[in-house]
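Visitor: Starting from the structure of chain A, add chains B, C and D where the hints point.
Chains as they are written, first to last, in the numbering used here: chain A, 151 to 300; chain B, 5 to 376; chain C, 2 to 172; chain D, 32 to 361.
If you're looking for bench data, these hints aren't it; they were derived computationally from the structure. Think of the CB as a built atom: it goes at the ideal place given N, C-alpha and C, for glycine as much as any other residue. The hints are all genuine.
Listed next, the stretches of chain B that the computed footprint assigns to chain D, with coverage defined by at least 3 CB atoms under 8 Å from CB atoms of chain D:
id : region
1  : 24-32
2  : 124-133
3  : 201-209
4  : 354-363
Pairwise CB distance ranges, derived in the manner of DEER restraints:
id : chain 1 : residue 1 : chain 2 : residue 2 : range
5  : C       : Pro87     : A       : Tyr185    : 53 to 59 Å
6  : D       : Gln96     : A       : Tyr185    : 29 to 35 Å
7  : A       : Lys290    : B       : Ser237    : 57 to 63 Å
Okay, here's what each chain looks like letter by letter:
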Amino acid sequence: MNSYWSDIINGGKSLVVGLGITAREFFKPVVTEQYPWETPTMLPRFRGHIELIGNEETGAPNCVVCGMCQRACPSNCISLDGQKAEGGKGKVLTRYILDFTKCSLCGSCVESCNFNALRFSREYNLASFDKNDFVMDLMKRLEDQNRCKH
Amino acid sequence: MNVPVHLRPDETFVLNLGPQHPATHGVLRVKLTMDGEYIVQAEPVLGYIHRMHEKLAEAGTFAQFMPNTARMDYLHALAFNHGWALVVEKAAGIEVPERAEYIRVITVELNRIASHLLWWAAFLLDLGGFTPLLYAFDDREQIIDLLERVTGSRLTYCYMRFGGVYNDIDDEFITGTRAFIQRLRGRLPRIYHDLVTHNIILIKRIKDIGFVSAEQCRRYGATGPVARGSGISYDVRKNEPYSVYPEFDFDIPVFPEGDSMARYMVRMHEIEQSLRIIEQALDKLPGGPVMGKAPKMLKPEAGYYYSAVETARGSLGHRLVCDGGKNPYKLKLRSPTFSNLSLFGEVAEGMLLADALAFMGSLDLVIPEIDR
Amino acid sequence: MDLTETTRAALAALFPGATAPAAPATEDETTSAAAEPAPLGVSVLDPARAGTWLAVHCRPDQVVEAARILDGQGFFLESIAGVDWPDSGQMEVLYDYNRLGGATCRVLVHARVARDEPVLPTISSVFPAADWHERETFDFYGIRFEGHANLIRILLPEDADFHPLRKDYLP
Amino acid sequence: METSIWRALFYLVGIMAFAALNAAYLVWCERKGAARIQRRSGPTEVGYEGLLQPLADGLKLMSKQLLVPRSVDGIIFRLAPVLAMIPGITSLVVIPFSGNIQARAMELSLLLIFALASLGMIAILLGGWASGNKYAIISSARAVSQNLAYEIPMLLTAITVVMISGSMNLREIALDQQGGFWQWNIFRLENGHFLTMWVSFIIFFICSVAETNRAPFDMAEAESELVAGYMTEYGSMGYGLFMMGEYINIVVGACLTATLFLGGWDCPFGLTSGVWWFILKIYILIFTVIWIRWTYPRTQIYRLLNLSWKILIPFAMANLLITAALIKVF
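Bound-form chain A, shown alone (with noise of 0.2 Å):
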């Protein structure tokens, strides 16, 4: 019988306390980001899509083509050709294509890249209604970037 006793006191007194909680949970200032009105700052080790990096002065992107992003990448996302150079020493590159509709995002690219050409972008708000937008051709992003620098 008394558990029927204890267990109407004890269920009626942890009812109140959890009201108690909500109730002043109910008057602290809401912890929410509005999001339109309020944009998040991204982290420095965001990993957004990867994009070329171009030396401070000339602009054009340090990669010299040796394809070793392109096999370490697991789903093979990212193609990229280039020319011999004028001065015949190297190659320059001139298509950069990520395919980021299949990129997961696990930087064995960045990682195996020795010549400091590529990091990640800190792009978020990547949402479009066409598949072909996420075919990105990074060479082109590398230019308006140098554009807007200057």
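Guide: Chains B, C and D alone, transformed into the frame defined by chain A:
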């Protein structure tokens, strides 16, 4: 105990719980033969999110499988990274520096707390309480920000490499983690226990529901909180120590009752134990490199290798067979939830539909990990 | 470790006729996974290297016997994995057992069957956990387990007619 | 009560407007209250602080097409949502908003409200049965057993109030409690009623929450178990009508509790009693219902029935006896 009351055993109907159902948290389908609201026979049907990770492992090199590990149990992705890194390091004989081991333990334990918090939120959601979800996600967001600071991703981490970790942790991460530990310790007794654990409605809802005996756990191979809720003290971190876990003292919460309440309490205590581990790991964090020397193209020696890791849901095993080539010859992923769910059919007989969902919630299922 | 010894002694009962199996000398390349089958018998391995304490190579029909012995010793079935050795025309099934609580001693049971007629007795009578694992191995390799309650596909769609993890499977 | 046509028209439009506005803006209060409890901000985009959100929801519900699945019993399927609305609105007729604002002061108005409340239960049963969906049938079976189990303690506690105020007419009950909060039934000092009245207030409040299928007793529309309970197959206005019916039932429950226990339109200090005090009391009670919903998990069907048959009904009966004894003694 739920004594099956079969009023009209001949008039049963088949109810499909899932694959699209709010309580299955993923695409699991359970074919229930019901008599009124009592379950006569329950049979989980799997495969709705099967992606054949084992064939993907055989297709790519060892390093290329690391991102896949995070896509199986996305709630405790770092433990899956850790399991895969461990088995390949065993096979190829790679040494991991001391600091990398400590960073691995800290990030895995943080991820375990995040996984338990999300389980707690989803479990309360199944039982009809909507508010605790927001409080748990508030805390979980702190962990996600901390891990994003060091690994770069929020849910599917690809942070561990054979021989160490991708990049080092900075002081902001350490101070942030210590602040998080104080904050969660402050909130646990009030928000998590007073509002929910001691609530009479919750106690009545999960006490003596879904009783799983220790023998059933052994015969079905259930591990993790499900086994520890039935009185079996089996935790891979203690029974088969790996990495630097022997250096921390933490105890394994074991509850003998075997009902949903016991599994609930096991996970709540595990959050506190993980906080203790992180604190000790931060105090003893050694200096030194974060990445040992590992050959670029791994060709481990032919043989059969196995590594077990304690994830939030149980013991995750990687059965690896190498034939000396640069691709794994055969990888069998022993996922804990696959075995934990296999005992659902036997335990759910004679239960009410509402109890069966409370029982399924207490098993903490992650469907992509079952289907692989 | 006494547990490994007692289990090894119990498992040795599986091979009464065979001459004393190779003394528990760990083979030099720890776990030879070459195509040719290892000798029947129980061998102790170095756990740090292979992750398993004991390796048992037995004939397919002894699988249920081994399961019963390990069940008696309080082991639980961790996983069942199939391996396809096309060049030696064989299929191999790996049973992993481990202790639930107390000392840890993982036992790996190898069983090899012919590749074109892969049939093994089921151990779901001893360990109900095997029910799903065997269905999965059948699903991926086409290895049939006699006496299994309902040996149907578990993860692939019901109407799939291929076994993807076989080495000769071309999508 | 002269029966001029203008007066009837005024009350007809008044009650419909009161019901519709309440149903719409209670949804807004619920979403804002739930958001505040969960430390988030609720609807803020449509209109200032989301005030136009109920309007937007209403228009959306009306513009959507009402899908009637083939395997469904057409007539009952369309009838059920309307039937869920009728009892709510008709019981507003007899609620005394204040001294002179009452549509129809009937002699047995309390009995009318309870009769209509059980009619609402039939609407849920019809809705669940007609939609031919397994989840809906389970949910309507639960709803029936739950409403039945909670009708009895509600009646018992209502009888204790009728015994004290001597009449079934809500207007007399409210008039009987005029003059300051010590006159209200819940604190009634005279012949010691306050001893038993707060118990019947609590029981009555619990039953009114259970009667309207509100958490923690929302077994009928258990989102995480039965998908959406009896409303699973309903599309636009079908769902809309069921929701409006539920919110109007909450309003009626709050009005009834306020009239029976909190002294209707009476001001706590007996000075400026009027319809504002009545509205204030209703909204405090409704906020408590919302507050309870976002705090507790859901009970399980048998615990729910046990709570009613084993705890509420014995307490209600004991309460009834004590009140009768008190009346006899003093």
